[in-house]
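Turn these sequences into a full structure, and let the hints steer you where they fit.
Chains as they are written, first to last, in numbering that gives the first Met the number 0: chain A, 0 to 320; chain B, 0 to 320.
Bear in mind the hints are in silico, worked out from the structure with no lab data behind them.
Where is the CB? At the ideal position from N, CA and C, for every residue including glycine.
A few of these clues could be false.
[As the list claims (entries may be wrong)] Simulated coverage check for chain A against chain B, where a stretch passes if three residues somewhere in it have a Cβ under 8 angstroms from a Cβ of chain B:
#	stretch
1	127-138
2	148-160
[As the list claims (entries may be wrong)] Pairs of lysine to any residue, SDA-like flavour, derived with a Cα cap of 25 angstroms:
#	chain 1	residue 1	chain 2	residue 2
3	A	Lys229	B	Asp123
4	A	Lys82	B	Asp123
5	B	Lys56	A	Pro55
6	B	Lys82	A	His107
7	B	Lys101	A	Phe84
8	B	Lys288	A	Val124
9	A	Lys101	B	Glu85
10	A	Lys229	B	Phe272
11	B	Lys56	A	Phe84
12	A	Lys38	A	Met0
13	A	Lys288	B	Val124
14	B	Lys82	A	Ala228
15	B	Lys229	A	Lys288
Letter by letter, the chains look like this.
There are 2 protein chains.
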Amino acid sequence: MHVLIIGAGGFIGSRLATEYRQENPSASITLFDLHFPEKLREDPGFTVITGNFGEPKWIDQLLESKPDLIFHLAAVVSGEAEKNFELGMDVNLRASLRLLEKCRELGHQPRIVFASSCGIFGGDVRQIITEDTAPKPRSSYGTQKAIVDLLMNDYSRRGFVDARCLRLPTITVRPGKPNAATSSFLSSIIREPLNGQEASYPVNPDAEFWILSPRQVVRNFIHAASLDAKLIGADRCINLPGLTVSVQHMIDCLQKVAGVKTARRIRHEPDAFLQSIVLTWPPHFNTRKADQLGFTADRDVEEIIQNYIREENIQIDLHES
Amino acid sequence: MHVLIIGAGGFIGSRLATEYRQENPSASITLFDLHFPEKLREDPGFTVITGNFGEPKWIDQLLESKPDLIFHLAAVVSGEAEKNFELGMDVNLRASLRLLEKCRELGHQPRIVFASSCGIFGGDVRQIITEDTAPKPRSSYGTQKAIVDLLMNDYSRRGFVDARCLRLPTITVRPGKPNAATSSFLSSIIREPLNGQEASYPVNPDAEFWILSPRQVVRNFIHAASLDAKLIGADRCINLPGLTVSVQHMIDCLQKVAGVKTARRIRHEPDAFLQSIVLTWPPHFNTRKADQLGFTADRDVEEIIQNYIREENIQIDLHES
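In C-alpha cells, the structure reads:
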C-alpha cells in the first residue's frame with residue numbers, strides 16, 4: 000500500500016501523516032509539501048519530498064510510482080486566494096486538475112481524499128446546508144474548491160480516480176501562528192489567550208460559525224480513505240459534521256475552561272475585508288449523509304479547548320484571579 | 000458598440016447574429032466559429048472569422064479589440080464530450096477559462112452572455128430544480144458547463160467581467176441534421192417526419208424533458224444582454240424557462256399539427272448510452288428567477304412545431320390519409 004499525502008507539511012497534514020502511520024504501520028508513506036516541520040522531515044518512517052504543488056513537474060514525479068491512496072490537502076488558503084487571485088487559481092484549481100489528469104493518464108484509478116471546504120457555500124446564512132444545496136461561493140477560494148469537487152465527481156464517474164471530497168468546517172483550534180485564512184481568528188481567540196497573548200475577532204460576537212477540531216478532521220480523513228465507494232454514491236462530496244457556535248459562545252467556553260483573566264485577552268476589532276468573506280459562510284448544516292457514513296464531530300466547544308490544552312501541553316492556572 | 004459572437008456558425012449562433020443585428024443595426028458584430036453557413040460567411044454586415052476556439056491564439060486575437068459584449072456559445076456538445084473527454088475538457092472548460100483570463104488581463108470588463116445548460120443538473124429526476132439546487136451533472140459536458148458557471152460568477156464578483164449564464168433547456172426543433180448532442184432525438188422526432196423521413200427515440204415514450212424552441216432561446220439571449228447586472232444578483236446563473244413534455248406528448252402534437260401519417264414515421268429504438276445521460280436530466284423546473292427577469296418560454300408544443308414549419312417553409316399535406 001503506497002500512500003501519498005500532498006500538503007503534508009501543514010498542521011493537519013502532519014498530524015494526518017503521523018496518525019495514518021500509527022493505524023497502518025505497513026503502509027509506505029510519501030509526504031509532499033513546500034515546507035515541513037523538522038520532526039517530520041527527519042522521520043525515517045516517511046519519504047519526505049519538498050516541492051511546489053503549483054509546479055507541474057512535481058505532480059508528474061509524485062504520481063510516477065502510482066500511489067494507491069492520495070490525500071490532497073495542498074491549498075492556497077482563503078484570504079491569500081482572495082488577495083492573490085493568480086496564485087489561488089494556479090494551486091487550488093490548475094494544479095488539482097493536473098493531478099487528476101495525471102491519474103487519468105496513468106490509469107491506475109487511485110483513491111483520493113480531497114480537502115474541500117464548506118467555504119464553497121455562501122449567501123443566505125439562514126439556510127440549512129446539505130449536499131443538495133447549490134454552492135454559491137463568495138470567495139475565489141470557495142469557487143476553486145467547488146470546481147475541484149465537480150472535477151473529482153466526474154473523474155470518479157468515469158473511473159479515472161476513486162475520490163471522496165470532504166468539505167471541511169472551519170478547523171479550530173489550529174496550533175502555531177495565525178495564517179492567511181480568513182477564518183484564522185477562530186483559532187486565535189482560543190490559542191493566543193491560552194498563551195498569555197491578546198487576540199481579536201473581526202465580526203460581531205453573535206456571528207455563528209461551523210467548526211471542527213483538528214483531532215476530528217484527521218480522524219475523518221482516515222475514515223474517508225477506508226470507505227467503500229459504493230456507500231458514498233455518485234456524489235463523492237460529503238459535508239463534514241461540526242458544531243454551530245457563536246464567537247461569544249467560544250469566549251464563554253474559554254472562560255469556563257481557562258478562567259476569566261484568559262478570556263479577557265480577547266477583544267472585538269471589526270475588519271471589513273474579513274467580514275466580507277466569513278459572514279457569507281452559512282453556519283447551519285444538516286450532515287445526515289456524513290453521519291450515516293460514520294463521520295464524526297466534537298461533543299462541544301469545551302471538549303475542543305480541553306483537547307487543545309492537553310495536546311499542546313499548555314499549563315492553566317485557574318487561580319489567576 | 001462592438002459585439003463578438005463565439006460559436007456563431009451553429010444554428011442558434013447564426014440566428015442570434017441575424018436577430019441581434021436587426022434589433023441593433025448600429026452595432027459592429029464579429030462572428031467566430033469553426034464553420035459558417037455560406038449565407039452568413041458572405042454577409043458584408045458581419046466581420047466573419049473562422050478558427051478554433053480550442054486554440055489559445057484565437058481567443059487572444061478575438062479579444063484584442065475589446066468587445067463590449069460577448070455571446071459565448073462555443074461548445075463540444077454532450078454526446079461528443081462524453082465520448083471524447085479530452086476534446087470536451089479543452090473546448091468547454093480550458094478555452095472558456097482562457098477567455099475569462101484574457102478578459103481579466105485586458106481589464107475592460109465586457110458583458111458576457113454564456114450558453115450554459117440544464118444538463119448541469121442530474122440524479123433525482125423527480126426534484127424541482129431552481130438556482131439553489133446543487134448541480135450534480137452525470138455527464139462530462141454538464142460538469143464542464145457547471146464549472147464555467149462557477150468561474151463566470153467569480154470573475155463577475157471580482158469585476159473582471161459582467162456575466163450572465165443562461166442554462167438552456169433542450170432546444171427543439173433544431174433545423175438541419177442530427178448532431179452529437181445526446182438530446183438530438185428530441186429534434187429528430189419532429190424534423191425528420193416532417194421531411195418525410197423516419198426517426199427514432201431512445202427512451203420510453205413517457206420519459207419527460209425540459210424543452211425550449213430556437214425562437215425563444217434567441218430572444219432570451221438578446222434579452223440577457225440587455226439586463227442590468229444589479230437585477231440579476233450575485234449568482235449570475237439563470238435557469239431558462241421551458242416546457243416539461245413527454246416524448247409521447249410531442250408525438251401527439253406532431254400528429255395534431257401534421258397528421259397521423261407523419262407521426263407514424265417515429266419509432267421507439269432503445270439506446271443504453273443515450274439513456275445513461277438523458278434520463279439523468281431532471282425535467283421539472285421552478286423558473287421564478289427567470290420569469291421575474293423577463294425571460295420567456297413557448298406557449299406549447301404545437302406552437303413550437305407550427306413555428307418550425309413556418310420558419311423552414313415546410314409544406315404539410317393533411318389530406319395524406
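Hint by hint, here is what the structure shows:
Remark: the stretch 127-138 of chain A is confirmed as covered by chain B, as 8 of its residues place a Cβ nearer than 8 angstroms to a Cβ of that chain, reaching the required three. With a cut-off of 8 angstroms between beta carbons, the stretch 148-160 of chain A has 6 residues touching chain B; three or more are needed, and the interface restraint holds. Using a Cα cut-off of 25 angstroms, the hinted pair lysine 229 of chain A and aspartate 123 of chain B holds, with the two alpha carbons roughly 17 angstroms apart. As the CA atoms of lysine 82 of chain A and aspartate 123 of chain B are separated by approximately 38 angstroms, the hinted pair breaks the 25 angstroms bound.
For the suggested pair lysine 56 of chain B and proline 55 of chain A, the alpha carbons sit about 22 angstroms apart, so the restraint of at most 25 angstroms is met. Between lysine 82 of chain B and histidine 107 of chain A the CA atoms are separated by roughly 20 angstroms; this keeps the pair inside 25 angstroms, and the hint holds. With a C-alpha separation of about 14 angstroms, the suggested pair lysine 101 of chain B and phenylalanine 84 of chain A falls inside the 25 angstroms cut-off, and the hint holds. A threshold of 25 angstroms between alpha carbons decides the hint, and for lysine 288 of chain B with valine 124 of chain A the separation of about 20 angstroms falls inside it, so the pair holds.
Between the alpha carbons of lysine 101 of chain A and glutamate 85 of chain B the distance comes to roughly 13 angstroms, so the proposed pair stays at or under 25 angstroms and holds. A distance of roughly 22 angstroms separates the Cα atoms of lysine 229 of chain A and phenylalanine 272 of chain B; the hinted pair therefore holds under the 25 angstroms criterion. A hinted pair counts as satisfied when its Cα atoms are at most 25 angstroms apart, and lysine 56 of chain B with phenylalanine 84 of chain A qualifies at roughly 23 angstroms. Distance check on the hinted pair: lysine 38 of chain A and methionine 0 of chain A sit about 24 angstroms apart at the alpha-carbon level, within 25 angstroms; holds.
A hinted pair counts as satisfied when its Cα atoms are at most 25 angstroms apart, and lysine 288 of chain A with valine 124 of chain B qualifies at roughly 20 angstroms. With a C-alpha separation of about 24 angstroms, the suggested pairing of lysine 82 of chain B with alanine 228 of chain A holds against the 25 angstroms cut-off. Simply put, lysine 229 of chain B and lysine 288 of chain A have alpha-carbon atoms about 36 angstroms apart, too far for the 25 angstroms limit, and the pair is violated.
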